[in-house]
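Position chain B against the provided structure of chain A, taking the given hints into account.
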Amino acid sequence: MTIIPSIKRDYLCKLAEQGKRIDGRRFDEYRSISIETNIISKAEGSARVKIGNTQVIAGIKMDIGEPYPDSPDQGVLTTSAELVPLASPDFEAGPPGGEAIELARVVDRGVRESEVIELDKLCITPGEEVWVIFIDIHIIDHDGNLFDASSLATLAALFTTTVPAKRFEIGEDYPLPLKEPPVSVTSVKFNKAVVVDPSLDEEDIAEARLTVATDSNGDIRAMQKGLSGSFTREEIRKVIKASIDNGIEIRRILMNAIRK
Amino acid sequence: MKNDKKLINEEGRRLDGRRFDELRPIRIEAGVLHRADGSCYLEWGGNKIIAAVYGPREAIPKHTQNPLKAIVNARYNMAAFSVEDRKRPGPDRRSVEISKVISEALENVILTEQFPRTMINVNIEVLDAEAGTRCAGLTAAGVALADAGIPMVDIPVACAAGKINGQVVLDLGKEEDNYGDADLPVAIAPRTDEILLLQMDGHLTLDEFEQAFELAHKGCLYVSELQKKALLEKYASIAEEVS
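In order, the protein sequence lines correspond to chains A and B. Counting from 1, one number per residue, gives the positions in the first sequence under the working numbering. Counting from 1001, one number per residue, gives the positions in the second sequence under the working numbering.
One or more hints might be untrue.
[As the list claims (entries may be wrong)] What the simulated footprint calls covered on chain B by chain A, stretch by stretch (three residues with Cβ under 8 angstroms from a Cβ of chain A suffice, anywhere in the stretch; the number is not a length):
1) 1044-1051
2) 1097-1105
3) 1127-1137
[Claimed, not checked] Okay, the calculated bits of chain A under chain B, using three or more residues with CB under 8 angstroms as the criterion:
4) 32-45
5) 51-60
6) 118-124
Calculated directly from the structure, the hints in this document are not laboratory data. Note that the Cβ used here is the ideal one computed from N, Cα and C, for glycine as well.
So that you can see chain A by itself, here it is in the shape it has in the complex (with noise of 0.2 angstroms):
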């Protein structure tokens, strides 16, 4: 694990001063992305999204269940990561790590923060009933920024969600009640390049990586750096770009695939 990175730093640090990526990439080009939604059967909604060679699979559950005493008349959002062992040769069975913890909070607040979810809408008798949304992220092929993956995947998922209302017999079932969702866009800096939507060899060698959510307007919605390098001024203004200039595509193929 130590070895042969450093020799693939060299590598792609070598490229990056050329101007170019490992897998021929400009700088802030997006990897492709295709989106499968209702994949499986026995959720009430879910998404497979492949960005690249990395592949996330979302699905929503939902349960009625006690509110929070301090929201009463709102619904409960619950979101898990796994990454299980068949993703990468680096995970390992077992109870959640950092990572998968990690992944799994920035995703939930992506969706909780931006309000995609109409929480109110999902109270059914306050104080005593709601709604419990089930978020379970499963990283099947990890190939890089499974942040952007992830969130993409649960965004398919949610939208592609029917409220089971007919199981639980208090009605007939509906779509569950959405807004307009934010996009993320992920970048990551190594040796004075700033690259959009890194690919594992790129993350394994990063020093610092930001994620910017943008909504339809252009403007932004959340932000989180990671790691310990640091970016300058000018570097954050061109990771904001690249994510408002790739927020607008990745939209447009998020709302294709939630069309059909």
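Here is chain B on its own, set in the frame of chain A:
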């Protein structure tokens, strides 16, 4: 009889229209993952399963190493969203047991003595579950192992038979599993005709067992052909590319 739910109609058709000796539709695809050494995607009726193989690689923790052969670790895991009521993520007693019997079945066919001190990890993820996941999982694992180029006596394959409304039938569906009288999952190595996995729950007479086993065995042979076809399809297209 556990109950009187009608699972076969007067014309001998089952709830989903199958005859007693008919399998659910099966689709197998080899080599679907980028990262894994070998992989397989399998749909069997409403079951959707991905299997991935990593290894042989150095066995860790070190004390698990066997100086004479590879250890085979299969891990059967159900996605939280794969069942009607959300399953808590992580292993439960059921999946630990299934992982164990599948590991043992796979270990039997893999030429483990060729890879001392290593481990071979077989990860089986159930994405959508609808009765018969252990057979589907083992069948997918067999294809993934072959895709990973791991030497084996044969590609293992599994199929279940059972009894519903007193009639022996092949490959129980969801309702049949819930309301049926017996379930008999069987895994074999078709070439040597050895039995690798055998479980049974319910109630069968000796005669019924013979019939059910015969059906499951036939089912295995049929599915085995689908496994080989999936592998041939993947490698035939690669062969075409390079020639």
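Tested hints:
1. Proximity of the region 1044-1051 of chain B to chain A, defined as three or more residues with a beta carbon under 8 angstroms from a beta carbon of that chain, is established by the 4 residues found.
2. Counting residues of the region 1097-1105 of chain B whose CB falls under 8 angstroms from any CB of chain A gives 0; the rule of at least 3 is not met.
3. Counting residues of the region 1127-1137 of chain B whose beta carbon lies closer than 8 angstroms to any beta carbon of chain A gives 4, which meets the minimum of three for the stated coverage.
4. With a threshold of 8 angstroms between beta carbons, the proposed coverage of the region 32-45 of chain A by chain B holds, since 5 of its residues qualify and at least three are required.
5. Three residues within the 8 angstroms Cβ limit are the bar, and the region 51-60 of chain A against chain B gives 5, so the coverage statement holds.
6. Figure legend: the region 118-124 of chain A, annotated as covered by chain B; annotation inconsistent (0 residues with Cβ-Cβ distances under 8 angstroms, at least 3 required).
Violated hints for the displayed structure, listed by number in ascending order: 2, 6.
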